[in-house]
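Hints given; two lone chains; assemble the complex.
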Amino acid sequence: AQSVSQHNHHVILSEAASLELGCNYSYGGTVNLFWYVQYPGQHLQLLLKYFSGDPLVKGIKGFEAEFIKSKFSFNLRKPSVQWSDTAEYFCAVNGAGNTGKLIFGQGTTLQVKP
Amino acid sequence: GAGVSQSPRYKVAKRGQDVALRCDPISGHVSLFWYQQALGQGPEFLTYFQNEAQLDKSGLPSDRFFAERPEGSVSTLKIQRTQQEDSAVYLCASSLGWTGGNIQYFGAGTRLSVL
Numbered sequence: 001a002q003s004v005s006q007h008n009h010h011v012i013l014s015e016a017a018s019l020e021l022g023c024n025y026s027y028g029g030t031v032n033l034f035w036y037v038q039y040p041g042q043h044l045q046l047l048l049k050y051f052s053g054d055p056l057v058k059g060i061k062g063f064e065a066e067f068i069k070s071k072f073s074f075n076l077r078k079p080s081v082q083w084s085d086t087a088e089y090f091c092a093v094n095g096a097g098n099t100g101k102l103i104f105g106q107g108t109t110l111q112v113k114p
Numbered sequence: 001g002a003g004v005s006q007s008p009r010y011k012v013a014k015r016g017q018d019v020a021l022r023c024d025p026i027s028g029h030v031s032l033f034w035y036q037q038a039l040g041q042g043p044e045f046l047t048y049f050q051n052e053a054q055l056d057k058s059g060l061p062s063d064r065f066f067a068e069r070p071e072g073s074v075s076t077l078k079i080q081r082t083q084q085e086d087s088a089v090y091l092c093a094s095s096l097g098w099t100g101g102n103i104q105y106f107g108a109g110t111r112l113s114v115l
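As you go down the protein sequences, you meet chains W and R in turn.
As numbered in the numbering used here, residues 1 to 114 make up the first sequence, in order.
As numbered in the numbering used here, residues 1 to 115 make up the second sequence, in order.
Possibly wrong hints are sitting among the right ones.
What the hints assert, rightly or not - According to the in silico footprint, chain R covers these stretches of chain W (three or more CB under 8 Å from chain R):
(1) 41–53
(2) 87–95
(3) 100–114
It should be emphasised that the hints constitute simulated quantities derived from the structure, not laboratory data.
Beta carbons are placed, not taken as given, at the ideal position from N, Cα and C, and that holds for glycine.
Just chain R, same shape as in the assembly (with noise of 0.2 Å):
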C-alpha cells in the first residue's frame, strides 16, 4: 500500500480483556515503531524492531504488552487483560532505514477505550 496501515480503527474492550493491534508498514521498511498517545499528550515511544528483531521494548509500560514482527514485515501489538489505563491511541510508524536519521512515516492509529 502507500502507506502505513493499521487495523482496527477503533476498538472498544471490557476491562480484563486481551486485544490485538495490527500494523502493515510501508514495503520494504525496515523499521518499525510503535507509540503510544494519551488524549492530549504527544506520542510515546512503546518498542522498536528492525526486520523481524525487537531491539527495544523500553517504553512498554508492563510485561502485559507483547509486540512482534516475525516476518519483518506486519507487526502485532498485543495487550493482555486491559486496564483503563491503556486507554490511547495507538500509533505505528516504518522508517526506510535503521538510524536517527530517516523519516518515520505513521499511521492513522489505532483508538482504544477499554471500559
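Chain W extracted, bound-state conformation (with noise of 0.2 Å):
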C-alpha cells in the first residue's frame, strides 16, 4: 500500500530563515505528487504538483520541490520565508491504479515568527 512520511511535525522558524520540508513515498511506480497548503480558517489549495519532466517545480509564493526519484522524495523548500506563511503543509501522492486518489503524509505546521 501507499504511503507518505513526513519528517517534521512542527517546525518554528524566524522571519527570512530558509525552510527545507522533507517528505517521502513509499511506491515504486510511476507518480504524481503534490503539496497542498492550508493556511488558518482556510481551505486546502495546491501549492504545487509534479506530473512528469523536470523534477524541480516551482509553485506559488515562491515555493519549490524537487523530485528525485531514487530517494523517493518530494522536498519542499522556500528561501526566505515570511510570517504569512504560517499554516500547515501536506504533502501527496497518487499513483497506483492512476484514479486520482490522493494519499496524504500527516501534516508539518509552520509557525513564522515576525
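Following this line, the structure appears as C-alpha cells:
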C-alpha cells in the first residue's frame, strides 16, 4: 500500500529563514506528487505539483520542490519565509490505479515568527 | 459557484444520530472525492465518484458510511448511527478529469462533532 511520510510535524522559524520540509513516499511505480497548504481558517489549496519532466518544480509564493526518484522524496523548499507562510503543509501522492485518489502525509505545521 | 461548496460547515450530533453532509463540486468536474481528516492528521481517502458511478469506496470505515452522487453533480455523505470516533472534518474535493494527473480542488470541509 502507498504511504507518505513527513518528517517534521512542527517547525518554528524566524522570518527570512530558509525552509525545507521533508516528504518521502512508498510506491515503486509512476507517481504524481503534490504539496497542499492550509492557511489558518482556510481550505486546502495546491502549492505545487509534479507530474513529469523537470524534477524541480516551482509553485506559488516562491515555493519549490524537488522530486528525487531514487530517494522516493519530494521535499518542499523556500529560501526566505514570511510570517504569512504560517500554515499547515501536506505532501500527497497518487499512483496506483491512476484514479486520482490522494494519499496524504500527516502534515507539518509551520509557524513563522515575525 | 467558483469553488467546491460544502454544507453544513459545522455539525454537532448526538451519538446514534444519522447525519448527511453535502458537497457541491465545481461545475463540470467529473471526479469527486471524499476524505476524512482527524485532528492533527492528514486527510484520509474515503470514496471516489466518476460522474454518478462510485468507483472506489475502499476507504469507508464501516457500513454506517454511505455516499451517493445520483446525477453526477452534488454528492451526499451519510453517516448512520454516529459514534464518537466519527468526529472529524469531512473534506470534499473535485477534479476536472478522472486520472491522477488532475488537480483536486478542496472545499472548506464539514466539522462533525459527535457527543
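Here is what the structure says about each hint:
Taking a C-beta to C-beta cut-off of 8 Å, the segment 41–53 of chain W contributes 7 residues in contact with chain R, enough for the three needed, and the coverage statement holds. Chain R is given as covering the segment 87–95 of chain W, and this holds because 4 residues of the stretch bring a CB closer than 8 Å to a CB of that chain, at least three being needed. Coverage of a stretch by a chain is defined here by at least three residues with a beta carbon nearer than 8 Å to that chain's beta carbons; for the segment 100–114 of chain W and chain R the count is 8, and the condition holds.
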